[in-house]
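Once you've looked at the hints, dock chain B against the given chain A.
Note that the protein sequences, when read in sequence, are chains A and B.
Per my numbering, the first sequence starts with residue 1, numbered consecutively.
Per my numbering, the second sequence starts with residue 1, numbered consecutively.
Hints listed in this document are in silico derivations from the structure and should not be mistaken for laboratory results.
Where is the CB? At the ideal position from N, CA and C, for every residue including glycine.
Treat each hint with caution, since some may be false.
Covered by chain B, according to a simulated footprint, are these stretches of chain A (three or more residues, beta-carbon under 8 Å) [unchecked claim]: (1) 62 to 68; (2) 82 to 94; (3) 139 to 147; (4) 218 to 225; (5) 285 to 298; (6) 315 to 329.
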Amino acid sequence: MKARWFPQAFAQALALAFALLGAAYAHKPSDSYLALTVQGGQVAGQWDIALRDLEVAIGLDADGDGDITWGELKAKHSDIASYALARLALQADAKPCPLKATGHLVDDHSDGAYAVLRFGADCGSAPDAIEIRYSLFFDFDTQHKGLLRLEANGQTQTTAFAADRATQRFELRRASRLEQFLSFAREGVWHIWIGIDHILFIVSLLLPAVLILVRGQWRAAPRFAPAFWDVFRVVTSFTVAHSITLSLAALGVISLPSRLVESAIAASVALAAANNLRPVVGSGRWIVAFLFGLIHGFGFASVLTDLGLPKESLLLALVGFNLGVEVGQLAIVSAFLPFAFALRSTLFYRKLVMSGGSAIVLAVALVWLAERALNFKILPV
Amino acid sequence: MIGWLAAAALCAGPVAAAPHIPKDDAVVVERLPLKPGDPVNRELRDLRQALAADPESIENAARLARRYYDLAMAEGDPRYVGYAEAAIRRWTAQPGPPTQIVFLRALLRQYRHDFTGAIADLDAVLARDPEDSGALLWRVALRLVQAQYPEARADCDRADAVASKLSAIACRAVIDGINGKARAAYDALSAALVHQPASDPDQRQWMLTRLAEMALRFGDGKLAEVHFRQAIAAGGPDGFVLAALSDYLLDEQRPAEVVTLLKDWTRSDVLLLRLALAESALGAPAAREHAAALADRFAAATLRGDRLHMQEEARFELFLRKSPAKAVGLAAENWRVQREPRDARILMEAALAAGNPGAAQPALDWLNATGYEDPRYRALGEALRKPRQ
Chain A
1 MKARWFPQAF AQALALAFAL LGAAYAHKPS DSYLALTVQG GQVAGQWDIA LRDLEVAIGL
61 DADGDGDITW GELKAKHSDI ASYALARLAL QADAKPCPLK ATGHLVDDHS DGAYAVLRFG
121 ADCGSAPDAI EIRYSLFFDF DTQHKGLLRL EANGQTQTTA FAADRATQRF ELRRASRLEQ
181 FLSFAREGVW HIWIGIDHIL FIVSLLLPAV LILVRGQWRA APRFAPAFWD VFRVVTSFTV
241 AHSITLSLAA LGVISLPSRL VESAIAASVA LAAANNLRPV VGSGRWIVAF LFGLIHGFGF
301 ASVLTDLGLP KESLLLALVG FNLGVEVGQL AIVSAFLPFA FALRSTLFYR KLVMSGGSAI
361 VLAVALVWLA ERALNFKILP V
Chain B
1 MIGWLAAAAL CAGPVAAAPH IPKDDAVVVE RLPLKPGDPV NRELRDLRQA LAADPESIEN
61 AARLARRYYD LAMAEGDPRY VGYAEAAIRR WTAQPGPPTQ IVFLRALLRQ YRHDFTGAIA
121 DLDAVLARDP EDSGALLWRV ALRLVQAQYP EARADCDRAD AVASKLSAIA CRAVIDGING
181 KARAAYDALS AALVHQPASD PDQRQWMLTR LAEMALRFGD GKLAEVHFRQ AIAAGGPDGF
241 VLAALSDYLL DEQRPAEVVT LLKDWTRSDV LLLRLALAES ALGAPAAREH AAALADRFAA
301 ATLRGDRLHM QEEARFELFL RKSPAKAVGL AAENWRVQRE PRDARILMEA ALAAGNPGAA
361 QPALDWLNAT GYEDPRYRAL GEALRKPRQ
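So here's chain A without its partners, still in its complex pose (with noise of 0.2 Å):
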């Protein structure tokens, strides 16, 4: 071995001794990602692993020709997720919290193609502290490394495991109560601009605020005051009504499938629009808005329990998240109101955009309801 070794280990460690490592990394090392979100006592994470190293540590090249198909991969779901939850465990507050794999997808990522499994943990209450064991791959790849990304109370912390290092604990800094507050108005106002049925429904019921009904015809309201308390009254009766079931909702007194929920709201919006185009309702609309506040006040409750309500700051939160729902709201009307009434007089206003706008979103609204009691899809929102 000495013979063959020597000159060569000449060249080559000498070499080495200038080039060291200077193109020797060429290649990424082996990485996985892992990124947990933690809700309340709910943990929701996403685990990208190189598809080269399943392929070395389960194998995933069925046919042997190089080639990894999505086909292939698919036949492997649930030993990856099997193989990788093994290696894998949560503790809250010294508690184990079960994992289980809620989907699987793949990614690109610089250095080749991950395999992305999505799964939950369920580590019963909100913990203060999280260890995290993690021992993937270690066993035959020494210097393989998870990168983690852990967020928690709005707060974000990263590290990586190693072989070393295969246990970290992680204390979760409690928020304070304002931060606690305002990240839930932030959700509430983020959740109406993102809402777009109930963005529709709103905007639906004040497009005649502008307008007065005279014999069945929406002609220019004379001036600012009437039209300003006409979408006062609209704005106050649909906060109040979603406000009420919000909390009944929250607080788990009343609960709607959320089936016939998102199919009512569809509903609400068609129904909406539909008097816009042959006026059933005029000044009354505000009963309108007060009824059908009742039914959208269960599709905020639903959102605000995806969130992961915190058992011990409930009324916070719920006071919060609707707050955020109320400025969301303030901002579209507060856009709206001039714009309409500057233009109320004009053909673009009340053919444009009141009669073609309320044609666009009852046929809209009309998919969805079909899409939401028949549970198909059509629309990509």
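Below, chain B alone, put in the same frame as chain A:
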């Protein structure tokens, strides 16, 4: 507004998140670097099976680890280093592993820039067998990286008895070349190369690269460039030669040639840095994108805990991010790990730019002690010693 909202409702598709589900089962999501039927893969499988059949066998484990190590060197793929370490872990986890295993561990440690650990392992190997030429030459190499020249020279002397004449001359020439005798070292090495042509293309490439470096030190850039190009012709494009030639071209204000040379080498951090420097000098739009990619890679390496490319990171901070204070910190930390001429240069450059000449003291001491001749280095040393205005 309502029309717009409705239109938005129809157009706003789901935000395309990066994780996805492919449309079809036949979609190829990944191509493996080695097909299962590849001879290398079959060889690895046989070696793994041999070890699995007899997990106590040092020979089997060493053979597998050695194969992985060679693959890591050839492919530049650090995964194989992790596999190799795992293959010998049964012994390295215990005190006093067998010599063969200790030697392998030294190779793996130096790959990860644990030079002190690697030298300690080689000391242990040589204590048991002082004639182990492989261990001896590796120790020369590692001592050069750590700027321990007298110790390296002593190992060269010990290697004399067992080494070929060419190797013995080269061993001394590389040390002389750093220690103020670049011209003499160049003459000795080039004469040796004429009299005893290296049979192995890698060895020839190595010799020609050293000649180029020596020529740079005595200030003959044209001659250096000739040797760099000969080296590439001799052994094919090699990461180290490309980096050294690019540095020379950057010094000579010839960035366009660097872009041509390196445009297909973005995978290597070391070469991507040179490419981004050249593009930045040219004001090319790609500079931004490449600098961002480098920033990502350095951030990822830091998160992993890898500090392999601190010299490059220091140059990145100094010349691309224009952040001399950060560069000084990185260059100083880098100097604690590795002490090749380039490491001294970036420390001096960063300290000068940061207006903190004191930080360059270790590099200035090195410059003094070695008598390193390269005019660019001497000029940096002068600038640092000048009292500040």
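Here is how each hint holds up against the structure:
no. : hint       : verdict
1   : 62 to 68   : holds (count 5)
2   : 82 to 94   : violated (count 0)
3   : 139 to 147 : holds (count 8)
4   : 218 to 225 : violated (count 0)
5   : 285 to 298 : violated (count 0)
6   : 315 to 329 : violated (count 0)
Of the numbered hints stated above, those contradicted by the structure are hints 2, 4, 5, 6, listed in ascending order.
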